[in-house]
Each structure stands twice: as C-alpha cells, then as structure tokens.
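Just so you know, the protein sequences line up as chains A and B, in that order. For the first sequence, the numbering used here gives the first residue as 1, with consecutive numbering after it. For the second sequence, the numbering used here gives the first residue as 1, with consecutive numbering after it.
There is no bait here: all hints are sound.
Below 27 angstroms or equal to it, Euclidean Cα-Cα: the simulated DSS-like pairs (lysine-lysine) are: (1) 44(B) with 105(A); (2) 44(B) with 69(A); (3) 108(A) with 44(B); (4) 44(B) with 27(B); (5) 108(A) with 3(A); (6) 62(B) with 3(A); (7) 71(B) with 44(B); (8) 105(A) with 62(B).
Because the hints were derived from the structure by calculation, they are not lab data.
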Amino acid sequence: DAKTTQPNSMESNEEEPVHLPCNHSTISGTDYIHWYRQLPSQGPEYVIHGLTSNVNNRMASLAIAEDRKSSTLILHRATLRDAAVYYCILRSLTQGGSEKLVFGKGTKLTVNP
Amino acid sequence: NAGVMQNPRHLVRRRGQEARLRCSPMKGHSHVYWYRQLPEEGLKFMVYLQKENIIDESGMPKERFSAEFPKEGPSILRIQQVVRGDSAAYFCASSPPGQGRRQQYFGPGTRLTVT
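Isolated chain A (complex conformation) (with noise of 0.2 angstroms):
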C-alpha cells in the first residue's frame, strides 16, 4: 500500500470545523483512500472513503484533490467526542492485493472545550 504523510497533532475548538490534511502523492489509480479514526482506548472506528470525488456521510466530509495526490477530510463541527488520532489509509483495488490496513502514526486532534 502507498505512503499516506499526515501532520502528528491539530488543534480545533469546539463546534468549528476542522480540516485534516493528507498527502498521497505516490497514490495509484486503483487505490481508495480510507479513513479511521481511534477515540482513546478504543479500537478504530470507520470514517469516511472516496476515489475521486468528494464524498459526505453523517460523520464527516472527504475532499480529494483533482490529482488524487491529497486529500482532507473535514468535521463540520467538532464536538469533544472528536478527540481522537485520525488515520489516512490508502487501499488498492487490484486483485491479490492484501486486505490489511496499513496504519501510520496518524494526526492526534484535541478539541478544546
């Protein structure tokens, strides 16, 4: 699986949006890119996926660059709950490939009351 860069920490305060950055410049066209999230002391928990557009859920939105090579994920407005390492994970398509995520250090964000 491709290299995901990540900042280690993000600060936000309470109900402003956050955005998350990503880089991905060594990305190939068969690969979605995924993100997790893990609250302390729980096991990760699914955010959001996309491969070229942008894609919104309950949880969050994904905006990927026109070349793939970065992308941001945003929490409209971020609540205490959101404390958590976010992990961007890029995953291929292509048959054989290993299912396994392949985890990185991630951005530890703190939201401040």
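Model the placement of chain B on the given structure of chain A, informed by the hints.
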C-alpha cells in the same frame, strides 16, 4: 446487529504462560483481521483469515504466535510462552465477504499485560 466482540477485555499473564484471545466477528462477516498496538505506537497488521484459512500472515511473528478461524466459533489468537514484549492491545476486525476493499469493523480490543 452486535458489533465485533473480543474477550477477554483485559488479560494478565506471567512470563512463560499462554494467552488466548478470542474474536467473534459481526454476523455475516467471514473475514477476520488481527492487529497489535504496542504502548505509544501505531497499529500493526498481524494476520488475515477467512473461515478455516489463513490468507495473509505477513505480520505475525515467526514463533509463539498462531491464529485460527474455525468453521464454527470465534477466531483465536494464541500466544505461547508470553514475554514482557507481548504486552499490548490486540484488536480484531471483521468485514463481509465479497469483492473490493470493504471497511473493517473493529472490536474494543484485548489488553494483554505480561508480568
């Protein structure tokens, strides 16, 4: 629909003992993955299993560790002769069968402490 269940949630073993970690995937899921998270480190893939088959064990230590996912019952991660370095959180995830890279649903983890 119950989520992925892991037990025990906390396990304490003395050096040299065996540790057995259990994972019950979500209903209808036939793919199971195990990950390990050492203290202050990221999650590392260990093994990927489908019913009765190990598909990818590239992250498993060569010795003392084994995993199975029998036709009936939970998936088991077994660590023989545990050492202090095995102390970590072990997470299981499951996904449904089928094509494509589906999302993985994680359990709450088993925190193993080796004394």
